[in-house]
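Q: Those sequence lines, one after another, are chains A and B. Quick note on numbering: the working numbering labels position 162 of the first sequence as 795, and the sequence is numbered without any gaps. Quick note on numbering: the working numbering labels position 186 of the second sequence as 819, and the sequence is numbered without any gaps.
Everything labelled a hint here was simulated from the structure, so no lab data went into it. Careful, some of the hints might be misleading.
Identical copies carry no separate label here, and so any pair may be met within one copy or between two of them.
[Stated by the list, open to error] Listed below are the simulated DSS-like cross-link pairs for lysine-lysine, each with C-alpha atoms no more than 25 Å apart in a straight line:
no.	residue 1	residue 2
1	K666	K707
2	K707	K693
3	K693	K666
2 protein chains.
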Amino acid sequence: MRQDPLADNLYDLLVTVAPLELDPSAATSLADKAYVAIRDRLIMLDIRPGDPIDDDELAKDLGVGRTPVREALKRLEGDRLVVSYPRRGTFATGMDISDLAHISDIRAQLEPLAARRAAERAVRTAHAELDELASHIQQLDIAQLDRTELMRWDLAVHRAIYRAAGNPHLEDVLIRYDNLATRIFCLFLDRLPTVDEHVGEHVELLRSIAAGDADRADDLAREHVLGFERAIRAVI
Amino acid sequence: MRQDPLADNLYDLLVTVAPLELDPSAATSLADKAYVAIRDRLIMLDIRPGDPIDDDELAKDLGVGRTPVREALKRLEGDRLVVSYPRRGTFATGMDISDLAHISDIRAQLEPLAARRAAERAVRTAHAELDELASHIQQLDIAQLDRTELMRWDLAVHRAIYRAAGNPHLEDVLIRYDNLATRIFCLFLDRLPTVDEHVGEHVELLRSIAAGDADRADDLAREHVLGFERAIRAVI
DNA sequence: GCGACACTTTTGGTATATCAGTTGTACAGT
DNA sequence: ACTGTACAACTGATATACCAAAAGTGTCGC
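My request is simple: use the sequences and hints to build the entire structure.
A: Listed below in structure tokens is the structure:
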């Protein structure tokens, strides 16, 4: 599935770990594993919006008991990735246009903030890592990547910026809405013409943050979010 | 505890109900009840930062089993109101200056957004309720209220605005950080000289939203958040 | 014969009890 | 005084029991 060792490493480091969990190597509970596994299936649309979710089946599938799965589903409900109707079952959350608008409204405020804060801090902390990430992405041959791989890089870039912003709460909320946005992204991925452009914006954004250009990072991040919303709306 | 029927009504309507739970009269599970009860104790500092939390004791105290309490604590961990160190216990989250800065940074972006959106929508939807709430608060004799009552009104005002903004996701995240901010507020409440001023800002804010003055609502909300941070910092 | 109501069955949710594993602390021995 | 071992406490996991709701089927009445 993932062959590139650097990609693997970065992905685990930036995406797999639960939000604000300080120690990536810490023993993750069964519930955490279930959470990450199910969340990824939801985001990557292995479980599509509206699909019913059978906790017993998932438990067998992941080789754990029902309790950690139920716990994971509770967390995912908090993330608005699943909804549970009492005595009817749990389902992958449906999606509509207004959700995209609502999420973009929030992200249009917070992504620029994170980019700005990251730029302010990066000059003395994480500029090397961010530059490295930018270079790595620039080298990628986008046309050759499958969508899962592409999404993983998208997630990795955003997580790196959130982390670099140095505000754990901001990181929390941005991860949450980035997951939701990425899910929408996946939903329209095959209809979207300009995916490479989207990735190009990442490189610019990372470079400006690494260079400590807060104003430019702010602008680019905002344009990135707004451009995303426009791109989706164009193909609806 | 709460005598004023209007206050009671509004509080339950705006604060008690779980975020995005559409139907306030819906049957709330024991886990929900435990969540609200424990969250309130945390915010109102009946359980102070750093305090250990004994789930068994809480379960007995609330008259429910351990499971709903544990479920509630899991949710509260997501809200960053408690932290759980595996096999050591769960504790009320500690607080420091940087938390205030981080939270204010987020709220300074999102509270104005919510106020703006609420103002844009209020003219044709909720302006009557918001005006009513403003009048009610204006009539309150702040000096006579105890801190719990004061906090409840503070929460009620903010929740009303979040709801009026018509963006469930925004409501989610703002409730989350309003809880955290209110907890900090409570922590410094006895040292804070200008609580009545804070409430006065609420009236102005509500009125400008009800009048549909989005720009003014935006400004007032931002100033409200920033003023809050300044007020706390002044007494540290 | 058709429709409506009631009962039963199935499914999913909630709560409690139990078990295992881990960590921290205390006490004793060197 | 320091280290090692043992015990206690607590969390995390799972199974089980109980409950509520919904859907389907059968029977009775019109």
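Q: Which of the numbered hints above does this structure break?
A: Those not satisfied: there are none.
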